[in-house]
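Asks: Can you make the complete structure from the sequences, with help from the hints?
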Amino acid sequence: MAKRIDVSGLSAYYGNHRAIEDISMTVEPRSVTAFIGPSGCGKSTFLRTLNRMHEVTPGGRVEGKVMLDDENLYGPGVDPVAVRRTVGMVFQRPNPFPTMSIYDNVAAGLRLNGTARRKSELDGIVEKSLKGANLWNEVKDRLNKPGAGLSGGQQQRLCIARAIAVEPQVLLMDEPCSALDPISTLAIEDLIGQLKERFTIVIVTHNMQQAARVSDRTAFFNLAGVGQPGRLIEIDETQRIFSNPSVQATEDYISGRFG
Amino acid sequence: MGHEMSETLTQDALPASSLSPLAHRRIPRWAPAGIAVAAIALGCGVGAAAGLASHLQWGLISLLLFVGLTYGITAGVEGRRQARDRVATSLVWACFVVAVVPLYSLLQTTISKGVKVLDGNFLTHSMGGVITTQPGGGVYHAVIGTLEQVGLASLIAVPVGLLTAIYLVEYGRGKLAKVVTFFVDVMTGVPSIVAGLFILAFWIIILGFGYSGFAGALALAILMMPVVVRSTEEMLKLVPNELREASLALGVPKWRTILKVVLPTSIGGILTGVMLAVARIAGETAPVLLLVFGNQLINNNPFSGAQSSLPYYVYEQYTNGNDASFDRAWAAALVLIAFVMILNLVARGIARWKAPKTGR
Amino acid sequence: MDIVSTSGEHPPPSRQPAATRLGDRVFLGLSRGSGILLLVIMAAIAVFLTVRAIHAISLDHSNFFTTYEWNASLNPPSFGIAVLAYGTLVSSLIAMLIAVPISVGIALFITHYAPRRLASPLAYLVDLLAAVPSIVYGLWGGLYLVPHLQGLNLWLNDYLSWTGVFHKSDPNSAARSLFTVGILLAIMIVPIITNVTREVFRQVPKAHEEAALALGATRWEVVRMSVLPFARSGIISASMLGLGRALGETMAVATVLSASPVLTQRLLDPVGGTFAQNIAAKFAEADNFGRDALIASGLVLFVITLLVNGAARLIIARRREYSGAAL
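Chains as they are written, first to last, in this note's numbering: chain A, 1 to 259; chain B, 260 to 619; chain C, 620 to 946.
Do not rely on the hints blindly, as some may be mistaken.
Beta-carbon label-pair distances, calculated as ranges [claimed, not checked]:
#1 C/T685 with B/A297: 53 to 59 Å
#2 B/A307 with C/E688: 54 to 60 Å
#3 A/N137 with B/R284: 19 to 25 Å
#4 B/L435 with A/N137: 48 to 54 Å
Chain A stretches covered by chain C per the calculated footprint, using a threshold of three residues with CB under 8 Å from any CB of chain C [claimed, not checked]:
#5 18-25
#6 88-100
#7 158-164
Rather than coming from a laboratory, the hints here were simulated on the basis of the structure.
Every value quoted in this text rests on a predicted model; they were computed, and no experiment measured them.
We treat Cβ as the ideally placed atom computed from N, Cα and C, and that holds for glycine.
Replies: This is the structure:
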């Protein structure tokens, strides 16, 4: 189910502007890896290169290699659509399809991929995914109501259910709690703890406490200077990063001296 | 939407997608272009072989072949979802081509036929003493008519439109503003011939005035007002509130704030809107047909007696139904298009030149 | 716009002088008066047309709504709008059937498919297309399109005449039919529908498109899942704006259609008429009463376009509330 990600020498551009430069790292399967760093350091951009969403932005392009186990996501002939099916994503703001019901939102990816043919099969996966997202009990009586009617936290869990319904190998989360209240945030963090049993999870967060709470490993990104591309400063066990980082800049950032 | 999809999308499942490698077999990058060329060649071939007279049919056959081939080939190589995506892409491209073809044909025909008799003589002479079946004559009287009618219409419509927009943006809050907004929208959709009929009923039949350029200008003003209101409203809304507040805080009364701060800030956009509105009414024929009546001769007085106008002249020459008249109609149409396009270009130039700094 | 924001800390030392208050009052009066003037004009259009129309219809010796012929100068006068109403609706319907899908396609092309360098010149081109005066379309339609559609007409007649709709009574007659009018009207309203639809497509939140993309949707699936559902009401109202324009178009119909008071389902036959075309064609020879009769037909056209445009605006207004609440 879960796969390892091996990034080597990756740079991403917006037109001629280089947003991130020469990043290499390994993301372990069945673990949570957190990306932290000051705003604009390219951590979200980097996240979006891991499922080829970066190139959706006009002018966006990528150099380097991203290996998913032994397949290069940027290899010749690789279909970005297939990549995104394998590497799911949850966004900063909950974005359920406004015109679809809760049920249809969860089923959307399955219907695209055609993995579930029969209604009963589809029902089963929808229920399983909503349970997996800790949302089933709250919505099981109103599956046919529009997803936009849920609270922000519920919407975000709906988006997680939608993402895991297609059984991806990897789940990318781009600041999934930044638009949510503390209680909903806790619910999502609990959920992340459960999901790492099944998926490789990468989460971008602005909140260092969150990174410390949910992640096994933490990567710190920083800018060399204004207008410079973002770089990976270090990646290590979360505990080490927060107690005894090997780079001074990481310690300065963690202890709140900048950023 | 969702239920439709469940029917259509579940049928063509890719086998075991989660296990399949990320790389699919894909058709080469040149393939869409290749298929297009092949389809056009085949379409023309079939068209010629079957002796189809209309090139439109050749095009239709090519289009059908193109869509069919694209779907067939991609479905075979890449799978049905990709095939559907490619067909959608090619249909969208086809829409673009379909839109360009008539525009190209229209401009090409108008220009190539219009330049035949378009010269200095054509622009400086009226139709006085010209037999319609003979070459000669010109549009001078029609140009005069258009300029005067459009000018008068603008003199009426621009102040009313500006003031209404100011009312809606700067003062309007209550029910009246809502009603005005709604009816401005509805007024935008009033057909030009209905506006003409209204002035006919009101000005000519009931008040008893005769046909004149001014009567036409009244109808054109009705068509112009909502356009001016709309565009001015949009521009006034772009003026940041801080500017108004800064001026009011200095103790400047509201009306002077509007005149000295709000209008000068948005003057570029307002002018653009007015020019586009002028361009729109300059091409209107129907009200002129009903209210100005048309004239072969020069009539410099818009307040009395029949006049001509450029669009009316085009129609009149068209209905004459002989080659010499058709030539004049094309030439006048070219003059009209040039006039309208110049107005458009100038309007856009103003818009770019005076664009508010906050714009982008 | 708020006048009061500054007065909290520093109350004005004295009341404003009377002169500026007068200035404000005059200015408000003028601008509100202009707004009211617009309402008065709209009301006046309805009232004056109705007055003349009632006069004309009261003297009509045949049923105004079911009569085919338009003989206002007969004694007693006999005229009706059956053929005109039919022709207006049919030609506009043909125009809509052609124009709406193509416009949606062009709008999609500009916003989602075109290479970025092509998109903005193309949008500009569509704007220019909208600015071409209708008489020029009419001239082109009458002298270029009519002869060039002859082949298509014959072909439709050969292969599809069994439908009845595409049966042409005299295959050799010119293509001055409601069908041709519909095609020409379609070409004219494509830019209008495209411009509005394009704006709606631009407003589709990026988040919804990315949601679909991240699930592994192809570009077309993104359009179907995110773009079209969001834009549906916008497309409907854009189409109705186009319809309003097609219904009232005068010159392009007057130059193309060979009008006669025949009501037939055979769309390729060079017969029929529309409200606006009939007014333009009959006006020159109309006496005082004939003008009133034409005004009566104009009133019907006015009411129809009013309904169509009003409906379009209501849909847009509803959508605005909906999208405002959703964001």
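Asks: Could you run down the list of hints and mark each one as holding or not?
Replies: These are the hints, each one checked on the structure:
no.: 1; hint: C/T685 with B/A297: 53 to 59 Å; result: 55 Å, holds
no.: 2; hint: B/A307 with C/E688: 54 to 60 Å; result: 46 Å, violated
no.: 3; hint: A/N137 with B/R284: 19 to 25 Å; result: 44 Å, violated
no.: 4; hint: B/L435 with A/N137: 48 to 54 Å; result: 52 Å, holds
no.: 5; hint: 18-25; result: violated (count 0)
no.: 6; hint: 88-100; result: holds (count 10)
no.: 7; hint: 158-164; result: holds (count 3)
Of the hints listed earlier, those the structure fails to meet are numbers 2, 3, 5, in rising order.
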